[in-house]
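Taken in sequence, the protein lines are chains A and B. So the mapping is simple: my numbering equals the position in the first sequence, first residue as 1, plus 139. So the mapping is simple: my numbering equals the position in the second sequence, first residue as 1, plus 139.
Don't read these hints as lab results, they were simulated from the structure. Predicted model only: the values in this text are computed from it and were never measured. You may find that some hints are simply not true.
No copy labels: a pair is met if it fits in one copy or bridges any two.
Cut-off 25 Å, straight-line C-alpha distance, at most; resulting in silico cross-link-like pairs (DSS-like, lysine-lysine) [said to hold, decoys possible]: (1) Lys429 to Lys195; (2) Lys439 to Lys474; (3) Lys249 to Lys269; (4) Lys510 to Lys526; (5) Lys474 to Lys195; (6) Lys439 to Lys511.
Each chain, letter by letter, is given below.
2 protein chains.
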Amino acid sequence: MEPAFFEIRGGITAPSGFRAAAVRCGIKEGALEKRDLGLIISDFPAVAAATFTSNKIKAAPVRVSAAHLRAGDTRAIIANSGNANACTGSTGIQNARRMTQAVARQLGLKERQILVCSTGRIGRDLPIEKIEQFMPALVAGLSSSGSDVVAKAIMTSDTFQKEIAVELPLADKRVRIGGIAKGAGMINPDMATMLCFITTDAPISKRELQRLTSASVEQSFNCITVDGDMSTNDTAICLANGQAGIPPIEPDREEYSRFAEGLNFVTRQLARMIVEDGEGATKFVEVHVKGAATYQDARKAAEAVANSVLVKCSWYGEDPNWGRIMDAVGYSTAKVREEMVDIFFNGAVAVEHGMASSTPAETLKEVLGNKKFTVTIDLHLGSAEYKVFTSDLTPEYVRFNMGE
Amino acid sequence: MEPAFFEIRGGITAPSGFRAAAVRCGIKEGALEKRDLGLIISDFPAVAAATFTSNKIKAAPVRVSAAHLRAGDTRAIIANSGNANACTGSTGIQNARRMTQAVARQLGLKERQILVCSTGRIGRDLPIEKIEQFMPALVAGLSSSGSDVVAKAIMTSDTFQKEIAVELPLADKRVRIGGIAKGAGMINPDMATMLCFITTDAPISKRELQRLTSASVEQSFNCITVDGDMSTNDTAICLANGQAGIPPIEPDREEYSRFAEGLNFVTRQLARMIVEDGEGATKFVEVHVKGAATYQDARKAAEAVANSVLVKCSWYGEDPNWGRIMDAVGYSTAKVREEMVDIFFNGAVAVEHGMASSTPAETLKEVLGNKKFTVTIDLHLGSAEYKVFTSDLTPEYVRFNMGE
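All chains should be modelled from the sequences, with the hints used to inform the complete structure.
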């Protein structure tokens with residue numbers, strides 16, 4: 140049996156009909172070598188789906204993109220790093236629109252066919268003239284191998300670029316899905332300081348693409364947390380241009396679930412990369428709550444543990460301090476009966492019936508010595524479960540975030 | 140006009156008819172010089188009021204004290220540090236009861252007249268024999284100047300003891316209120332790893348004492364946060380023995396509000412001391428949200444800001460990064476309109492109408508250079524307000540909490 144999909148190179152320019160480019164236009168002051176403006180285009184008509192931050196303070200590009208998303212044919216995404224264009228009032232909205240106008244003018248498209256994203260410091264006006272000035276060079280640089288430079292251009296505190304692509308054998312043809320993302324701090328469920336751009340040459344309706352994108356974000360970017368903060372700018376966008384040459388992917392076809400599987404793999408891998416790149420992080424931890432009475436209970440308990448500053452400090456210290464985990468589960472508002480709770484560090488049981496197990500402390504400590512481990516919390520109250528991927532909290536995180 | 144009250148020395152043994160003592164019985168291993176068991180008694184019949192942690196995982200002493208609180212005459216509080224007696228199952232309950240039994244036996248009282256508290260590491264059985272063995276010595280040491288040693292005996296990661304007393308001229312006599320507290324980490328609204336014991340010689344019914352104690356805790360310990368974690372053991376207890384010799388303090392009398400004022404001062408001062416002693420903290424910050432549509436909105440916004448890891452890191456770095464404050468207000472779920480928000484660091488306006496003010500960055504930075512400052516967030520949507528007292532997040536906090 141052939142595999143459902145396999146990884147390929149090429150990121151967002153792996154799917155047919157997409158090109159990308161990036162330049163350094165000088166938004167990131169002082170960083171002479173760093174690109175800070177990226178562009179992704181589809182050379183063919185495309186449909187777009189997106190999810191945005193649920194923060195009530197939304198950056199200007201989020202507002203503009205949400206409006207432009209109503210267009211039936213979306214052709215490009217323009218994104219800058221170094222400035223969030225958030226808390227910038229009507230000037231910010233104008234500047235976000237000017238970014239889309241500059242792209243539209245250069246490419247002969249309409250403003251509403253362009254989506255826009257920004258990431259960086261909040262509360263400063265965007266140097267829009269620099270962006271406009273570099274637009275011709277940006278468009279001139281568009282290339283079908285340009286994924287890599289855009290992945291770099293959207294990085295802020297990221298230490299490595301986040302890029303992936305998969306190929307799915309579907310209906311005797313090859314469908315490709317590519318993705319890039321940025322994010323390393325201010326990461327929390329509901330899309331915190333995270334940008335993700337996905338391209339695919341699958342033929343799919345805007346409605347179905349939105350449904351699959353929302354579901355895919357829910358099981359990936361909304362399941363990660365670094366510091367519990369949720370940003371003003373988070374955006375995940377998926378563009379589909381149908382160039383793979385297969386019949387439309389519709390819910391009643393086998394291709395639909397296989398495409399969803401590929402998309403979920405892409406978003407989940409990018410989400411993992413974000414946690415692995417968590418600012419100052421030394422541990423990658425999966426918090427798995429099972430046996431919860433409800434899905435919401437499982438989620439609340441998992442998120443309370445994953446966001447507990449004290450729990451994260453103990454992971455950094457490789458201290459199997461399960462008392463702090465019990466404490467976090469207890470204040471999570473999830474239904475919990477103390478005497479039913481079991482907690483495992485990987486396969487080693489730390490808590491049985493709400494009390495210390497007989498597992499030697501050294502055995503538990505050994506698990507926490509790993510770079511990656513899983514904390515499983517079984518509430519024994521039902522069958523609902525939830526997984527969160529997170530990191531530890533380190534002195535380096537604090538130092539990293541103490542100033543600009 | 141005479142002052143409503145004034146501070147005096149003597150802590151919990153300042154009010155008439157109270158004695159206290161502490162010993163080192165060896166719960167804190169290795170800490171040869173440190174007392175770890177304290178006792179507070181009223182030599183006369185007394186009524187008790189208390190508030191406990193809202194964590195669903197409650198330590199054994201919390202459960203036992205909540206049951207014993209139903210007694211009409213409460214005479215003593217026994218408290219240990221070094222072991223939380225939490226997540227210890229039925230053995231834990233037995234041990235908490237044995238602590239109260241040991242006191243009762245030694246003093247000729249009933250078990251239910253004794254309240255019990257523990258603080259320290261979760262998940263280890265209490266060395267109950269040590270506690271029982273030292274009970275005669277503890278009782279023999281009871282003294283009307285014993286407040287100081289009990290304040291020390293309940294310390295865990297605290298770096299200084301927290302003690303206060305006030306005297307109120309009431310009905311031509313002197314009413315006294317004394318208090319001690321512990322807590323330096325795992326501090327969050329709803330009483331997190333915090334013990335507070337208050338004594339008063341005021342004559343007051345159990346019902347009214349509970350009402351005033353609950354209200355007083357709400358405006359003090361429930362308004363502080365260090366790390367957003369909420370413990371399994373938090374307890375605030377108030378004992379009133381009526382020895383001041385004035386008529387009962389009842390709601391329709393002027394003495395009632397004056398007594399409440401004194402009690403609120405005591406709890407608020409102790410709460411401030413806890414934040415000032417926050418683990419690794421270098422800043423004491425008041426977060427004041429005003430102009431909120433509702434009290435709950437004001438509270439949610441203030442708590443989101445005070446618990447934001449990113450905001451706390453920027454305070455440590457003395458970086459007036461108001462974008463992170465806007466971000467936290469935005470995800471707090473409080474009603475907010477971006478263009479209405481003003482933010483001040485002390486008297487300096489940082490944000491006007493949701494955007495950067497013209498205040499020079501150096502002016503804002505200067506405010507954050509202070510050890511104490513106030514962040515005022517005016518939502519301009521109503522008249523509700525809320526204040527939270529909190530600290531910064533430092534590399535020292537992480538190092539402090541990375542292991543035992």
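Indicate which option fits the pair Lys249, Lys269 if close means a Cα-Cα distance not exceeding 25 Å: within, between, both or neither. For Lys249 and Lys269, the Cα distance is within 25 Å only inside one copy (21 Å; across copies 80 Å).
When Cα atoms must be at most 25 Å apart, do Lys510 and Lys526 count as within-copy, between-copy, both, or neither? For Lys510 and Lys526, the Cα distance is within 25 Å only inside one copy (18 Å; across copies 40 Å).
How do Lys474 and Lys195 come out at 25 Å by Cα distance, when the copy is not named: within, between, both, or neither? Only across copies: Lys474 and Lys195 sit 8 Å apart there, 29 Å inside one copy, limit 25 Å.
My question is about Lys439 and Lys511: at a cut-off of 25 Å on alpha-carbon distance, are they close within one copy, between copies, both, or neither? Within. Shortest intra-copy distance 22 Å satisfies the 25 Å Cα cut-off; inter-copy 34 Å does not.
Regarding Lys429 and Lys195, is the shortest C-alpha distance of 25 Å or less found within a copy, between copies, in both, or in neither? Between. Shortest inter-copy distance 18 Å satisfies the 25 Å Cα cut-off; intra-copy 31 Å does not.
Alpha-carbon proximity between Lys439 and Lys474, which holds within one copy, between copies, both or neither at 25 Å: Answer is both; intra-copy 10 Å and inter-copy 22 Å each pass.
Checked against the numbered hints listed earlier, the structure breaks none of them; every hint is satisfied.
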